[in-house]
Structure formats: structure tokens, C-alpha cells
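Number of protein chains: 2
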Amino acid sequence: MRDVAVIGVGMQKWGELWAKSLRDIFVESALLAVDDAGIDHIDSMYVGCMSSGLFSGQEHIGSVLADYLGQKNIPGTRVESACASGGLAFRLAWMEVASGVSDIVLAGGVEKMTDVSGSDATYALATAADMDWEGIHGATFPGLYAMMAVAHMNRYKTTREQLAMVAVKNHKHGAHNSRAQFPFPVTVEQVINSVKVADPLNILDCSPITDGAAAAILVPADMVSKFNKPGVKVIGSGHATDTISLSQREDLTALKAVELSAKRAYEMAGKKPEDIDFAEVHDCFTIAEIIVSESLGFFEAGGGGPAVEAGETDREGKIPINCSGGLKSKGHPVGATGLAQIVELTEQMRGDAGERQVDNSRIGLAQNMGGSGGSSVVHILEVM
Amino acid sequence: MRDVAVIGVGMQKWGELWAKSLRDIFVESALLAVDDAGIDHIDSMYVGCMSSGLFSGQEHIGSVLADYLGQKNIPGTRVESACASGGLAFRLAWMEVASGVSDIVLAGGVEKMTDVSGSDATYALATAADMDWEGIHGATFPGLYAMMAVAHMNRYKTTREQLAMVAVKNHKHGAHNSRAQFPFPVTVEQVINSVKVADPLNILDCSPITDGAAAAILVPADMVSKFNKPGVKVIGSGHATDTISLSQREDLTALKAVELSAKRAYEMAGKKPEDIDFAEVHDCFTIAEIIVSESLGFFEAGGGGPAVEAGETDREGKIPINCSGGLKSKGHPVGATGLAQIVELTEQMRGDAGERQVDNSRIGLAQNMGGSGGSSVVHILEVM
Numbered sequence: 036m037r038d039v040a041v042i043g044v045g046m047q048k049w050g051e052l053w054a055k056s057l058r059d060i061f062v063e064s065a066l067l068a069v070d071d072a073g074i075d076h077i078d079s080m081y082v083g084c085m086s087s088g089l090f091s092g093q094e095h096i097g098s099v100l101a102d103y104l105g106q107k108n109i110p111g112t113r114v115e116s117a118c119a120s121g122g123l124a125f126r127l128a129w130m131e132v133a134s135g136v137s138d139i140v141l142a143g144g145v146e147k148m149t150d151v152s153g154s155d156a157t158y159a160l161a162t163a164a165d166m167d168w169e170g171i172h173g174a175t176f177p178g179l180y181a182m183m184a185v186a187h188m189n190r191y192k193t194t195r196e197q198l199a200m201v202a203v204k205n206h207k208h209g210a211h212n213s214r215a216q217f218p219f220p221v222t223v224e225q226v227i228n229s230v231k232v233a234d235p236l237n238i239l240d241c242s243p244i245t246d247g248a249a250a251a252i253l254v255p256a257d258m259v260s261k262f263n264k265p266g267v268k269v270i271g272s273g274h275a276t277d278t279i280s281l282s283q284r285e286d287l288t289a290l291k292a293v294e295l296s297a298k299r300a301y302e303m304a305g306k307k308p309e310d311i312d313f314a315e316v317h318d319c320f321t322i323a324e325i326i327v328s329e330s331l332g333f334f335e336a337g338g339g340g341p342a343v344e345a346g347e348t349d350r351e352g353k354i355p356i357n358c359s360g361g362l363k364s365k366g367h368p369v370g371a372t373g374l375a376q377i378v379e380l381t382e383q384m385r386g387d388a389g390e391r392q393v394d395n396s397r398i399g400l401a402q403n404m405g406g407s408g409g410s411s412v413v414h415i416l417e418v419m
Numbered sequence: 036m037r038d039v040a041v042i043g044v045g046m047q048k049w050g051e052l053w054a055k056s057l058r059d060i061f062v063e064s065a066l067l068a069v070d071d072a073g074i075d076h077i078d079s080m081y082v083g084c085m086s087s088g089l090f091s092g093q094e095h096i097g098s099v100l101a102d103y104l105g106q107k108n109i110p111g112t113r114v115e116s117a118c119a120s121g122g123l124a125f126r127l128a129w130m131e132v133a134s135g136v137s138d139i140v141l142a143g144g145v146e147k148m149t150d151v152s153g154s155d156a157t158y159a160l161a162t163a164a165d166m167d168w169e170g171i172h173g174a175t176f177p178g179l180y181a182m183m184a185v186a187h188m189n190r191y192k193t194t195r196e197q198l199a200m201v202a203v204k205n206h207k208h209g210a211h212n213s214r215a216q217f218p219f220p221v222t223v224e225q226v227i228n229s230v231k232v233a234d235p236l237n238i239l240d241c242s243p244i245t246d247g248a249a250a251a252i253l254v255p256a257d258m259v260s261k262f263n264k265p266g267v268k269v270i271g272s273g274h275a276t277d278t279i280s281l282s283q284r285e286d287l288t289a290l291k292a293v294e295l296s297a298k299r300a301y302e303m304a305g306k307k308p309e310d311i312d313f314a315e316v317h318d319c320f321t322i323a324e325i326i327v328s329e330s331l332g333f334f335e336a337g338g339g340g341p342a343v344e345a346g347e348t349d350r351e352g353k354i355p356i357n358c359s360g361g362l363k364s365k366g367h368p369v370g371a372t373g374l375a376q377i378v379e380l381t382e383q384m385r386g387d388a389g390e391r392q393v394d395n396s397r398i399g400l401a402q403n404m405g406g407s408g409g410s411s412v413v414h415i416l417e418v419m
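First to last, the sequence lines map onto chains A and B.
Residues are numbered in our numbering as their position in the first sequence, beginning at 1, plus a constant of 35.
Residues are numbered in our numbering as their position in the second sequence, beginning at 1, plus a constant of 35.
Do not take every clue at face value.
[To be verified] Covered stretches of chain B, going by a simulated chain A footprint (3 or more residues, C-beta under 8 Å):
{"hint": "1", "stretch": "141 to 152"}
{"hint": "2", "stretch": "164 to 175"}
{"hint": "3", "stretch": "225 to 237"}
{"hint": "4", "stretch": "340 to 354"}
[To be verified] Reference listing, derived: stretches of chain A covered by chain B, where coverage requires no fewer than 3 residues with Cβ under 8 Å from a Cβ of chain B:
{"hint": "5", "stretch": "38 to 44"}
{"hint": "6", "stretch": "108 to 115"}
{"hint": "7", "stretch": "192 to 200"}
{"hint": "8", "stretch": "255 to 269"}
{"hint": "9", "stretch": "273 to 279"}
{"hint": "10", "stretch": "291 to 305"}
{"hint": "11", "stretch": "395 to 409"}
Calculated directly from the structure, the hints in this document are not laboratory data.
For every residue, glycine included, the Cβ atom is placed at its ideal position computed from N, Cα and C.
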């Protein structure tokens, strides 16, 4: 297999982009990545999107979006793994370059979520859970993650305040990200007093409904010198699934798919959790970041809550997490999130992250999750 | 890149499978393939499915189906390219084995289409066309292919009878396929007198709405001797897109994505159209098989109609096409069709096709198409 590097990234400001269509936002971010790389064509394209069918009434978007990008006739592949669709698109683009099938591959992610009603969006998102065993009983994602939060709080004495501190930290980071949907700080009091969604999670514990896209350009590492930008090497890639239904899990306080996808990525990279300088992880709810930070091996089981309280996951902390603002502040257009993590990693590793810049950014990790942990994709990138 | 071979295939009888769910039919076909190969695990899985969201109210099926197959924790990837989703799943499984990332990979395809009303199914299928430029005007697939038929008949004098002969041939073949949805012969008169759908296409020119799944197991070619069955080698793989909207095409009488995907597969295989012994092609409508047989290079432009009339695409003809019965007789569960083509190729190349067996089956070609030709995937397989 060939070594692979990222040589361009792009994303627009995320939010409620009512004046733009699914096609518009994908092409906008893809062209930013193309310009960033300084290329004039791509050989192949992957697009991660959870549900263009239910959100936008359009399937077959590998073809639609290659066409609208002005690259008709190239292979255009849409992949879906719920909210991990973007991470999975990146993994397949990596595999296509690594295999030698193509040289210049675009990995994009997109979701246009605000063109349907709130209840239709909630239904569409619920189809990432087990509709036969969870959705049919009315369980939606805030409820599923609330059950995980209750289990974690019960076993490890994780506090309500520690959950809130995840949101506070990520909004503090996101306030420096001009592309974030909600680029402003919040306080622990605001989170705890915000409207209840599913006990113990309030609205400020939840990532928002967002329109947005993000993209990255991958090439063989030995071709990097031909392009505009310094390359960032993909040194590890891991993907795993777990039971989609929470009821079939042995343990609600850990995420098996996250553990396994991380183990596979660490092994490929020859790295350990303590080798990682900073990370972007899937904080779809505040409890998710706490559990993920444990399942990735950054902290022992039950250590995620105290770690955020101690500031260890702050931009200035031991292992900075979600310096982009995370899903919480930056927004969560589900199919695009995994690619936005790659955008942040790449900018940090180039030293281009401005006020969000972390001190040590040689090795970064991105973790992107589907549903309530039914799937997870982990990538480890290193400065070349 | 490593050479890759198919060592197991499976599919159930297709039809209106109201007693079985999406999960049931996928697992059923996957286990048939697993048994056929004689393996006890898989390393990774791809599933092609066009719209589990709109047809079945369930996304994230890479996770759902890995779990229900008893293989939770493996990577499970869902890919979508409308009716070419199955062919694309096979291509990605090939790429994963070829790259060295995994050794034993299952490629599956599935669609459960009869759990929604006919109008909802028509809507779901229409999302494979350009909903902004075609669907919004009420154009659905019979109408789009009818326009292609009119253009082809006008330019090349293709006759109404020649269209009907495609259906007659494929039903004649499918009458020998116990897994076909409609395993019975039809006559030219029956086709021409069947109810009009979109002039000149009648109901017997159209592939049906079907529930079904199909699967194949891929391994490195040098591992084949460790397994139950003779291997069938993947010697060519090609994928291409085209404008999704017919209005943007230069020519309605040829399919650019088919031409390009075939060119790429022929080049990889080092083969020409005349080297192909038999083929399974995407006859979603009778006109589709005629145009595809030209775009694959089996006949010159305009030669597809006369060729079917002369019996050249019969099982006993010069280039047997759709000996399985094709989409027309076998059924067309859109995400599964591309894998069912691989099932037929493999059985033919093993000499296991019974009454459907062709005389020369050393080199077979499968062509799977999305929408009205917005995407196409071609594979060429050869006896090892």
C-alpha cells in the first residue's frame, strides 16, 4: 500500500443555509479544497452523506455532485454510515489512493438538514438508530444518549457540571472559529438552566441541526512536493461497528466501536494514545465526548468527566480536544462532520489555525461516530 | 495491488417477500454466500442499497446488517449509487482486498421495495434522477427511458418489436432461473399489447418492483486454494458517472457512463469487447439493454436492435446477454441487482448454471447502471 497525504481542505461557514442547496454547499466546500491544493482536476470522488433521501429528496448524489462540481464522468461514490459518513468517505478515499487505483481523490461530506420540518429532521436522524427496536418505541438520539449519561453518572459519579463543562469548553474554542454555527461562549449555568431535552441532557448539551459541507484532497505521499501545500500524512485508519441497538450492548458506559476503531488506527500508525498531540472527537452530546475520550484511551474509564473539569482537554491542556468547537459549537451537518474534523486537523498541523492553534500539533486524531456508537471511524494524521 | 477472486455467492428467490424484512433478506443471501465459500467469518463488509431510508425507514445499515449477520464489530460500509449500488459495493470490496487492507470481504446488495405504496416507491426511485430538473416536472424513470427509446428509434430505426424481443429473450432465459421473480416466458404480442406506461414502453418493457438481496465473498486470488470453491478472478473494474439529468447530455442514444466504465474495465483487464464470452447487463427497461449492448462495444451504434432480433444475444447466440433473466424477469431490487449479476457470472463460470448454462463462459462481464445512466459500474471476471 502507498502512503497517502492530505494536500488541501475546505469548508464554508456552517449554519442554517437556506439560500443554498445541497449541491451548492457541497460544491462550495469542494472548490475551497481544490483551490487550497492548487489542483485542476480530481481522478475520483467520495461523498459522505447520511440521508440525502429523507432530508433533501435526492439519492444518487455521487453522480449529482460529480456533475455539479464540473467533474462528470469521474467515479463518484456516496457512502453512508449515519453521522460517521464523512469519516468513512475519507477512509475510502485513503484506501483508493493507498491501493494505487487513483492518484488525486476528493473526500467530501455534506448534509442539508434545514429544508425539512423539525419533526421530519428528528425522524430522519432517528433512522441512524435501530428503528425496529428503538425508533418504534419513540426513542430518538437525545433519549439514547441520555440513557448512556445516566449509566455513566451512576457508575463513575460523573457530574451534571462535568457534562456542562464539555459544552463550555467547546463553545470557548468555537468562539475563535469563524466557520462555526454558534461561535460564542456559554457558561455552566447557562447549560444547566437551558431547556430540558432528555434528562439529564439539556438543549445546550446537544449538537445542533446544521447545513454544511467539508472536503479534503488526498494524494500519494510521494507526490506531495508537486502541489501547493505541505502534506499531512495519514498514518492510521480504523473502522468498526457495534450493535446498533443499545439494548444489545454489554456496557452502556463505554463505546466498543470507538475502542476497536481506535485500536486498529493506533496499530496501523504504530502509536499509542499518549502519542497523540490533539484530537477532534464526536461530541454529538456532551456525554459522548466524555465516553469517547475514555474509549480512545486518553483517560481511564470514568476519567473523562474529571479530565474536562481539570482542563486537561482544553486547548492549553494535556490533550486538547475539539479546538474547532466540535459538533457542539461548530455545528453537525451529519454527513460532513467527519471531513470537518480532517479540515481542523490539517489546519492545526500546518500551523494555520490562528487563535485556535494548539502548541503541539505534530500528531492529530479524528474520531467520527454513527448513531449511538453503532459505527466509528478513527484517523491519525502526522506532519510530514 | 493484489489479484482478487470471488469464492462464494448467494441469493434467495426474489419477489414480493412480505414475510421478510430488509435485515432478513440481506442476512439470508449473505449466509448463502458464506456457506458457498465455506468460511466462518468475514473481515469486512460492503452493502449496496439505494434507499433504505425512503423504502424502509432505516439508515446506518452497514452497522445494522453487520450486527444481524452475527459479525458486529467488523467494518460495515453502505454505498449508494442508485440502481448501481450493488456493483459499486462489489467494486469497493474488490478495492479493499486488492489494497491489502482486508483478506475476506463480503459484498452484498439489498433492497426491500414492497413495504411502501406504489406511489411512494415511484417517488423513492425518482430520487435516482435529477430531482431539481427532472423529478420536479413529474418525470419518473419510465418517462426518461421512453425519451431515450424515442430518440434511438428515430435515429437508428430501432423497432417496437425489437424492444419487445429484449423482454421475450430475458423472460425465456429467466424461465430457467428458479430464483427469478417472474420465471415464465412472454411473447412479442404480449409485450406489445401490455398496458402502456410511457410511450413507447409498456409494462412488459419495464423491470419490476422487487424485494431481494445477493452477496459475494472476495479474497486474494492466491488464497483461493484454501477455500471450498474454485475461484473466479476479477480482472477488470471500471466506474464512471455522467450528467444525472438527460437534458445535459450531448446524445440520448448512447450512455457515456457505460462507455467509460467499460473502457476502464477493458483496459485494466487487457481485453476487448470481442473477448467477452457472455454478459449480464442492466436491462431496467428493454431500451436500456439495447443501448447498453452498443455502449459496451458488443455492437456498433444502432446495432443493438437488429442484434436482438437476429438472436445474437440469446443464450445460444454470439454474445449471450442476461442468461439469468436479467432485471426484466429475475426482478430488480435496485441495490441488489449488481451483486446478482456477479452471482450469475460466478455460477456460469463454474459451469453450475444448469439449464441456463452458456457454452463458452471463461470471461464474463457485468454492467450495472444508476438512474438513467448517471453512473455505471463494469466488472470483468475470468475463470482462474
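Verification of the hints:
Judged by the Cβ-Cβ criterion of 8 Å, the stretch 141 to 152 of chain B is not covered by chain A as claimed, because only 0 of its residues qualify and three are needed. For a cut-off of 8 Å, the count of residues in the stretch 164 to 175 of chain B with a CB near a CB of chain A stands at 5, and the three-residue condition holds. Counting residues of the stretch 225 to 237 of chain B whose beta-carbon sits less than 8 Å from any beta-carbon of chain A gives 0, not enough to reach three: the coverage restraint is violated. Coverage of the stretch 340 to 354 of chain B by chain A is violated. Counting CB-CB distances below 8 Å, 0 residues qualify, and the rule asks for three or more.
Taking a C-beta to C-beta cut-off of 8 Å, the stretch 38 to 44 of chain A contributes 0 residues in contact with chain B, too few for the three needed, and the coverage statement is violated. Coverage of a stretch by a chain is defined here by at least three residues with a beta carbon nearer than 8 Å to that chain's beta carbons; for the stretch 108 to 115 of chain A and chain B the count is 8, and the condition holds. By the rule of at least three residues with a Cβ nearer than 8 Å to a Cβ of chain B, the coverage given for the stretch 192 to 200 of chain A is violated, with 0 such residues. Counting residues of the stretch 255 to 269 of chain A whose C-beta sits closer than 8 Å to any C-beta of chain B gives 0, which falls short of three, so the coverage hint is violated.
For a cut-off of 8 Å, the count of residues in the stretch 273 to 279 of chain A with a CB near a CB of chain B stands at 6, and the three-residue condition holds. Coverage of a stretch by a chain is defined here by at least three residues with a beta carbon nearer than 8 Å to that chain's beta carbons; for the stretch 291 to 305 of chain A and chain B the count is 3, and the condition holds. Check result for the stretch 395 to 409 of chain A against chain B: holds, 3 residues qualifying (beta carbon to beta carbon below 8 Å, three or more required).
The earlier numbered hints that this structure contradicts are 1, 3, 4, 5, 7, 8.
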